[in-house]
Amino acid sequence: MRKLFVALMPLIAVAGINFGQQSAIKINNPWIRISAEGSNTALFFELVNNSDQPDTLFEAESDLAEVVEVHETYKRENDMMGMRRVKFVVIPPKSVVIFKPRDLHVMLIKLKKDMKENDKGVAILIFKNAGRIKLEAVVRNMPRMNN
Amino acid sequence: MKKRIGLFFLLIILLTISCGDNFPVIEDLGNTDYRLVDQYANETVFPDNIKGKIVIAGYIFTNCPDICPLTTNNMRLIQERLKGEGIEGVQFISISFDPDNDSPEVLKKFAEIRNLDLSNWTFLTGEKPVVDELMKHVGVLAVPGDSTVFPSGKVSYYYIHTDRIQLIDEEGKIRKNYPGSSINIDEIVNDVKQFVR
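Residue numbers (my numbering), protein chains in the order written: chain A, 1 to 147; chain B, 1 to 197.
Hints in this document: simulated from the structure, not taken from any laboratory.
All residues carry an ideal CB built from backbone N, CA and C; glycine is no exception.
Mixed in with the good hints, there may be bad ones.
Claimed, not checked - Here are the computed lysine-lysine pairs in the DSSO-like style, where the Cα-Cα straight-line distance is at most 27 angstroms:
id, chain 1, residue 1, chain 2, residue 2
1, A, 110, B, 83
2, B, 154, A, 112
3, B, 109, A, 100
4, A, 110, B, 154
5, B, 108, A, 112
6, A, 120, B, 108
7, A, 113, B, 108
8, A, 75, B, 83
9, B, 176, A, 110
10, A, 134, A, 110
11, B, 176, A, 75
12, B, 83, A, 116
13, A, 113, B, 109
14, A, 113, B, 154
15, B, 83, A, 112
16, A, 116, B, 136
Claimed, not checked - Far from chain A by the CB rule (all over 10 angstroms, computed), these chain B residues:
id, residue
17, 85
18, 121
19, 176
20, 181
21, 191
One chain only, chain A, in its complex shape:
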């Protein structure tokens, strides 16, 4: 019996994770900005809420970095830009919230390894209603911002 329990441990451990297939929240186009070990970078994606109820993203996890936090970039006077942690992000019903450069992002703080172009990385987003949703993001250099 004990052997059976040990064999099933990995399955039990991931039982709480929704891989996105049947969730009311869909995660589209996840990507991580290229960065070096020891540095910080950002994870971007689109959150699609297909349900009639709002949901709330309040945390993110990943083994890629020492600390993972939900952040936003903001503009201040005189061309000053800053960044701050946000405690939660509400995804209204039947809507899309985009995490993108110069805006909302999941910050991967102090990367444990180099994230080179076309590498892949896993993260888990934690929602109030949808629970834990796992994503796999590809590492990219950045798209052009303007023009």
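For chain A, the structure is supplied; the task is to place chain B on it using the hints.
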């Protein structure tokens, strides 16, 4: 004869405009020396090291997850455009305003992982008082803002900072400021063309 004189003056006016004289001098760095080090830990004196070249300068800190990588990426795009159009004699400089973290080694890795072309692009850092003075001179503000506390108890600060790329002429005079993370590439490429002799 009058026509020839008219044409002569028109030519002079066109030459003047083409050398960028329609860009006001924002700040003159020409008479100053800032002792810095590049990404290879070679000592250098700014702006002496770039005199005689048109310079596109960006101001960054490598712990920045969003704005500074965008600024760097935009500089890469400008570099590619200028090379594609056969425009030479332009030097790219990225200066860190976080020298406590941004050692030459960190800057080198920041550039390498992005596969940047360093043939005409230098990353600079230095002693904090020197860097602070330089930032004041070029009009870039950087103040510690939000922070992250690591499990070890160590605290890492993120700067609220001026989002900036600058165009500097061959004499070390700042001629135009642009928003680094959202710069219009066409605009700066066209501006550079007015300084190219």
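Starting from residue 108 of chain B, check that the Cα of residue 112 of chain A is at most 27 angstroms away, please. Holds, because 18 angstroms separates the two Cα atoms, which is no more than 27 angstroms.
In terms of Cβ atoms, is chain A entirely out of 10 angstroms range of residue 181 of chain B? 6 angstroms, violated
Residue 110 of chain A and residue 154 of chain B: Cα distance at most 27 angstroms? Measuring from Cα to Cα gives roughly 12 angstroms; hence the hint holds.
Holds or violated: residue 113 of chain A to residue 109 of chain B, with C-alpha atoms at most 27 angstroms apart: 12 angstroms, holds
Say whether it holds or is violated: residue 191 of chain B keeps its Cβ farther than 10 angstroms from all Cβ of chain A. 14 angstroms, holds
Check the hint pairing residue 83 of chain B with residue 112 of chain A against an upper bound of 27 angstroms on the C-alpha distance. Violated, because 35 angstroms separates the two Cα atoms, which is more than 27 angstroms.
Going straight from one Cα to the other, do residue 113 of chain A and residue 154 of chain B come out at no more than 27 angstroms? Within the cut-off at roughly 20 angstroms; holds.
Is the hinted pair residue 116 of chain A and residue 136 of chain B satisfied, with a Cα-Cα distance of at most 27 angstroms? 35 angstroms, violated
Decide, holds or violated, for the assertion that all CB atoms of chain A are farther than 10 angstroms from the CB of residue 176 of chain B. At about 13 angstroms from chain A, residue 176 of chain B clears the 10 angstroms cut-off, so the statement holds.
Reported absence of residue 121 of chain B from the contact zone with chain A (all CB gaps over 10 angstroms): 16 angstroms, holds
Distance restraint between residue 110 of chain A and residue 83 of chain B, which requires alpha-carbon spacing of 27 angstroms or less: It is violated: about 34 angstroms lies between the C-alpha atoms, which goes past 27 angstroms.
Next pair to validate is residue 109 of chain B with residue 100 of chain A; report whether the Cα-Cα distance is within 27 angstroms. Within the cut-off at roughly 24 angstroms; holds.
Comparing the model with each numbered hint stated earlier shows that hints 1, 8, 9, 15, 16 and 20 do not hold.
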